[in-house]
Amino acid sequence: ADKVLPVGVLGPFTGPSAQNGKEFQASVEMAMEAIDYTVGDYTIEVVWVDSQSDPARAASAYAEAVEGKGIQAGVLNWHSSVAVSVMDVAAQYKVPHMFGFGASEVVNEKWQADPEKYSYWGGKGWPVPAKLEGNYIECINEVIANGTWTPKKKLAAIYGEDTDWGRSAGGAYKEALLASGWEIYSEEYFPITQTDFYPLLSKFKSAGVELLAGTSTAAPSLTAFVKQYAEVGNKGVLIASGLGWIGDWYKMTGPGSDYVLDSIPQLTTPEAKQWAKDVKAKYGFNPSPSSGGLSYDGIRMFIKILNRAYEVYGKLDKETIHNIMVDEVNTGKLTYSKADGAIIMNEYKYTPETMPDMVVGPEAYFFPILQYKAGKGHIIFPEDWKQKDFEMK
Amino acid sequence: MLLEVKNLNAGYGYLQILRDVSLQIDKGEYVGIVGPNGAGKSTTMKTIAGLISPMSGSVVFNGEDITGLSGSAVAKKGISFVSEEMNLFVNMTVQENLYMGAYTIKEKHLKNERLDFVFELFPRLAERRKQLAGTMSGGERKMLAIGRGMMSNPSLMLVDEPSFGLAPQLTTSVFASLDVLIKNGVTILLVEQNVTKTLAVTGRGYVLENGKVGLEGNSADLAENSYVKKVFLGV
Amino acid sequence: MIVLETQNLTKKFGGLTAVNAVSMTINQGDIVGLIGPNGAGKTTFINAISGLNPPTSGMVKMFGKETTGLTPEKMCRLGLSRTFQIPSPFPKMTAIESVMTATIFGNPAGKITDPVAHSREMLEFVEFPMKETVVAEQLNTVQLKRLDLARALASNPRLLFMDELASGLSEGELKDIMRIIDKISKKGISILMIEHIMQLIMAVCNRLLCIQFGTKIAEGPTQEVANDPKVTKAYLGE
Amino acid sequence: MEPTTNDLNMNLFDRVLDRLCLTPIGLAGLILLLILPFIPPFNQEYMLRWLIYCGFVAAMSVGFDLTAGYINIVNFGYMAVAGTGGYTSALLVINAGLSPWIAMLAGGVSSAILGLIIGMISLRLRGIFAACLSWFFGLAVMGLAIKMVWLTRGPLGLRTPRLFETESNFPFYFLIIILVYLTYLVCKWVVRSKMGLAFQAIAQNMDAARTSGIDPVFYRVFNFTMSCAIAGVLGGFYAHFYGILTPDMMHTSKTVEILAVAYIGGRGSLWGGAVVAFPFIFLMEIVRSTLSHLPGLNLVIYALVLILVMIYYPGGFSYFYDTHIRQPKNRALRYFLNGREAKV
Amino acid sequence: MSKHNMSDTLTWLKSAPGLSIVISVVVAVAATIDAGPYLMVNMVVTGGMLALVATGLTLMLGVLNIPMFAHGEYFMIGSLTAYYIFTPISEFILEHPDSWLVTFGPFIAILGALIGGAIAGAISEKLVFGPLRRRSTDNWVMNSFLLTVGLSVLLVNLHQLIFGADFKGIVGYWQGMPISIAGAYISLDRALAFIISAVIVALFYLFMTYTRTGMAIRAVSQDITGAEIVGIDIEKIVLLTISLACALAAVAGGSLLFMYPSYPTVGLEPLYMAWFVVILSGLGNILGAVAGAFMVALLKVITMEYVGAGWDFVVPSALIMLILIFKPSGIFGSDVRGVLDK
Ligand SMILES: Nc1ncnc2c1ncn2[C@@H]1O[C@H](COP(=O)(O)OP(=O)(O)OP(=O)(O)O)[C@@H](O)[C@H]1O
Ligand SMILES: Nc1ncnc2c1ncn2[C@@H]1O[C@H](COP(=O)(O)OP(=O)(O)OP(=O)(O)O)[C@@H](O)[C@H]1O
Ligand SMILES: CC(C)C[C@H](N)C(=O)O
Ligand SMILES: [Mg+2]
Ligand SMILES: [Mg+2]
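Chains as they are written, first to last, in my numbering: chain A, 1 to 393; chain B, 1 to 235; chain C, 1 to 238; chain D, 1 to 344; chain E, 1 to 342.
No lab work stands behind these hints, which were simulated from the structure alone. Do not rely on the hints blindly, as some may be mistaken.
Said to hold, decoys possible - Computed spacing ranges between beta-carbons, pair by pair:
1) E:GLU235 / D:ILE286: 37 to 45 Å
2) A:GLU319 / D:TRP150: 20 to 28 Å
3) B:ASN112 / C:GLY69: 40 to 48 Å
4) A:GLU183 / D:PRO171: 41 to 49 Å
5) E:PHE207 / C:LYS65: 54 to 62 Å
6) E:GLU235 / D:ARG124: 34 to 42 Å
7) A:ASP389 / D:ILE286: 57 to 65 Å
8) A:ALA179 / D:VAL149: 21 to 29 Å
9) D:PRO171 / A:LYS273: 54 to 62 Å
10) C:LYS230 / B:GLN16: 24 to 32 Å
11) C:LYS230 / B:GLY185: 33 to 41 Å
12) B:LYS6 / D:ILE286: 57 to 65 Å
13) A:GLU183 / D:TRP150: 19 to 27 Å
Note that beta-carbon positions come from the ideal geometry of N, C-alpha and C, so glycine has one too.
Generate the whole structure from the sequences, applying the supplied hints.
Quick look at the structure:
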């Protein structure tokens, strides 16, 4: 194979989410090694595009990868804010990009405002928070309804990283909370690098906040939040969406994470478990299903698309890949499922109605709610998947 | 011989100021260096004190070669230097400055003895012992600098222009205190603009011009020397 | 004509009264010597007048106008120049550039047509012993004081303060400085000079002001003050 | 103050060059920069992108040097000031529909106002205190940009329309080269005038300057305002070239980049930073992009260069040039390097 | 006599230090009453940590005239050292929960951080500051400042190259229930971090004020030639000072590892905060720096409480600028002009 196809992998390889970047890198390398970096008579050259968790730097790096390294397609991405800015770059250079995790509404709205232009920003790897984050509140409401937990008053607070993701997830919690009769004490968004939350948490405690819901994509920040939540003596329920987005979170929270809620897909199939073992053996860390796992599925789905494009056109470049994306992926013709070797979700499937999101639901793409104890998560929601009942501290 | 300077060449960077300067001072002597501005008097002192390392030549003190030693090492050998710029510790009090002068002395009671001695010489300093050195007037600072130089009980004192900026009365008292030191067996090398005064108080003198020793001899003789009279006293 | 007048000028530093209610006058053409023991407050006194360290209370009147607390740059443009006890050069500038600052900025706009020539003239006037292109940081104290003087004169002052200009001069050099002071005075500039060298004071000053502990103890014609027993006791010694 | 050459026996070419503050070699350099994008490999888009960044840093370092090199105050919030210009410009285009060109100038005005404020409040401070004040000011401005999400979108990033409706980097390149030169020219004019003398005087000795009749308030504030105005316009360029702004642009580490170039180039020369920026930043970009598996290596090299320069050659490139290169024996070469020299 | 004292107290109250201390105390008490005792606890703990970093910074600035921009990187070195020492210890503890290391392991890690910082400081002096000092003739403050800027960039990126960009953190040093003070919970880690910083700062103050070496350090800070004249070995004092200052920062980094995991730029925030403190309180005054540290901590905590998360740069820096306008040499700064004016 003497033809080369440069592919950009966008991720936070340095900066506060570097751990997730590591997981991306492992997934991509493993998936590529499995096909020996070849599709048809093309050798795939992986170009790492470091977003550094900053939209401006990411856009610059992406443009440079296009101009300098000539990438013909791109895959993955961690942050919404980055997605919002890189979408334009992809559109400007007409480079198809698949499976970015930038989830928030801002991405969808932007996409829907000009589907033609943003057809280069292919199906996302993560749906808008409203589709999944509301599950927490639904779960909590059930718990209150069946009497497992009786909060003194229905006072909640929302926290999150100050990014499109944090705010958008915060918005989803707020809506769901207000709808079920909670009062919101305050909403706090902090820089993605913050690790000192004592003042903030003490404030919540003294206000008598019973339910604290929020998220962060930066592991150091969220693990610190969880740990300090326990330390200052908060007694309520903590939703820490994303704690499990790095596999080794327990090394950083310790028992502080007991009783915390999170929503993380599980490694259920033997392939999935094997994959996790392989990663541990080769890279020395426990991968997170939501980060390493999803990105592994993402890159493998992308390879499937490449194969398809090669099959149809005999040629791989930005146009052929884009065509397949538009014609077959976004229409739901080409999907990636357990049958293809997906390890995390049952099926990754896009339809014109849901674009740029995928089809969400227990049979397709879904996150159960877990409660942690001693470093292990147990599914407490939905009912069918339940492993344990919700427990109060 | 207490101090012997031989063929000293020194300067700043590439700029040579001193050319083959040689001096000898015996124990207990009171020696003066006179010369016009920029002759290199201060440079000579700085070189002896170890603040400038010489290009060539040697400095022997108490039979020990101290050429090229650092300033602090020289100070530990018993040479104290009262510089023209005074180099006080501006954010320390008068008393702290004086204690620092006795840095090489470890015993507390010896330090206090020296302190009393200095306060006796300069009652003004005693009055102001808690004032920060940086807030003192020019003349007060000069006193403090001299006082600090005396604190280490040196065997040789290099004193650069002690009367610079001092009121007549104080000038008199500074010279008087130098006399006291001489009587206490301290050796003094004095640089002073006031040629008449210098030659009147010292026993021996050197005339430095353009970085070279021009004349040397008994102070009394020098004062009578016609060249000195013509050049320095304008007679 | 009265060039400068102070009334009860006082300057305090925290608890210390460095200048205590000093009133004095300088007449046109005077060369006033300001003497006093070290730490008497002489430098502080002229700093208070020239604006570098504004007075705590009291009044300053220059050329008939009240100027209490004006900034040094305003005072300079009004015609007051000064030199510093501890030379205060522009370390990286050449001699001629240093003088040009005052030529250009110290004069009311437009007066000097050729600043370079004027500055050169000033350096010659003070008999500056070095080349005009020498950089200030390479000068020694005495040369710096000359440069300082040239800078002070470059703004064409009507009143000049000199703070210990002659310290560190040999007897021979004192003669030069006397001649220069004489030339300055001939230009019609009134002078207030702080000095410890009595030889110089007695030779050039027509009036003396003596302060001690910040308080004026004598003011008047030179001989009279010099013979004043209070002054003898406080300052000159026996 | 440099002797202004009103030498009448200079020929027209020399006189024009002198007015334009250029030497023949400077002119040659400028021409080289203008034809560079037609010479391979520099004609590739990504190289141009790097060169544009070089130009941005070059121009910024000139503006920075006006304060650092002439009144001896390091404006440690310089990129924050530039960022303010960028945000102002971007917001005016987005919300008021202004043309980016006009908005860029408005950005300059907003930064000038900021400069005026920094200049005023740092008046009584000297040296490192003034630097810290401008630093804190920069941090505060950056903090505001982060927190005023409703206006700036904070860390989410603000998309801004580009100056030219094209994918190509060519027009941006020429624009930044023009900006580099204009910045240099304007600053040079100022420091050649009597203002330059006043700047140096207050930098070197405040008391002496004041007693020589120089009003430090005016000159310091003027200097700050002007240098910040330059940063504002350049910030506008930045916004409308990259097409996205995040408060990250205002970060101290970005100012450090400008400052390093200005100092490696040589403080107080104005041209040093501008000249050094091109090869230096360009090389750093090459290192960064070719050794991307070693993230940060370029910055390690960058830091090493800065450290070595500060220790062994604190005068920077311009000092080196002035002492070792500027005065060759050969007369033609000498003319080439210096232009017609004024007779002193 | 007592009347005299009264008037002395009154002048002090009207002075900048008096005024600002009184205002700070009043604000702290009022806010505590309003919000709850946790506010005071947070302020005290944060202040203690800041004091540690800030005294090191004042030392560099006051004694050596080095406006240290790389100070945060020594904090980082401290946390990195502590991390690599404590990780094996904590694994050992997991297997041997009764070992003496449970109590003393953390101290070993923190001590390691201190030593690591001191060594790093000494190396920096030998490789970087020393050469500069021997060559530099003028412009020392600015040149050394830029040097530390370079040093900061260098250390950050070396960390990234060698140890990676990810966050290296620990669960905590000491296990056990948080202590409750008036309803405010404070974990053992935080309490001990505060105690460690308090002890170290106090020792350091005593050292600087009363020992011969401490006095020598101060002397060097004010006039190097003068210090040399009286027989102080400058090289030794400088080396000692830099090591000390860096060790102070590093021990802060080490003892705070439970809260600030080690990553390349972890030093930035402590650096900013320490500079806030130093500029606010003025130079060369250890007690001033300590008081300043608590003031900045108060500002930070109050901002968090009443303005919201993420504002803790804007509000304190704005306030500090305001204070500087009125008191340019800082609240506790001395009026004597130092070298930094140049
Ligand atoms: N740091 C320096 N760098 C360069 N040259 C210097 C330095 N210090 C002094 N000089 C030069 O060295 C020469 C001798 O200076 P020095 O201070 O020794 O003279 P001096 O005899 O003490 O004069 P004065 O009576 O003025 O004190 C002078 O020409 C002076 O300009
Ligand atoms: N900034 C200041 N803070 C506190 N005290 C000061 C300050 N400046 C001067 N002083 C004090 O004020 C007094 C007068 O000082 P000043 O410098 O005016 O004396 P002087 O008459 O010029 O003496 P000299 O002849 O020694 O120069 C001195 O006691 C000095 O210590
Ligand atoms: C959970 C996520 C990976 C979401 C993504 N970080 C975002 O910003 O939308
Ligand atoms: Mg001398
Ligand atoms: Mg005086």
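Hints, one by one, checked against the model:
1. E:GLU235 / D:ILE286: 37 to 45 Å: For D:ILE286 against E:GLU235, whose Cβ atoms are near 41 Å apart, the range 37 to 45 Å holds.
2. A:GLU319 / D:TRP150: 20 to 28 Å: Check failed, 40 Å falls outside 20 to 28 Å.
3. B:ASN112 / C:GLY69: 40 to 48 Å: Between B:ASN112 and C:GLY69, where Cβ atoms are some 46 Å apart, the hint holds.
4. A:GLU183 / D:PRO171: 41 to 49 Å: violated (55 Å)
5. E:PHE207 / C:LYS65: 54 to 62 Å: holds (57 Å)
6. E:GLU235 / D:ARG124: 34 to 42 Å: The hinted range 34 to 42 Å holds for E:GLU235 and D:ARG124, with Cβ atoms some 36 Å apart.
7. A:ASP389 / D:ILE286: 57 to 65 Å: holds (59 Å)
8. A:ALA179 / D:VAL149: 21 to 29 Å: Given about 24 Å between the Cβ atoms, the range holds.
9. D:PRO171 / A:LYS273: 54 to 62 Å: Since the Cβ atoms of D:PRO171 and A:LYS273 sit about 56 Å apart, the hinted range of 54 to 62 Å holds.
10. C:LYS230 / B:GLN16: 24 to 32 Å: Once the Cβ atoms are compared, 51 Å apart, the range 24 to 32 Å for B:GLN16 and C:LYS230 is violated.
11. C:LYS230 / B:GLY185: 33 to 41 Å: Given range 33 to 41 Å: holds, Cβ gap about 39 Å.
12. B:LYS6 / D:ILE286: 57 to 65 Å: Because 59 Å falls inside the window, the suggested range holds.
13. A:GLU183 / D:TRP150: 19 to 27 Å: At roughly 24 Å between Cβ atoms, D:TRP150 and A:GLU183 fall inside 19 to 27 Å, so the hint holds.
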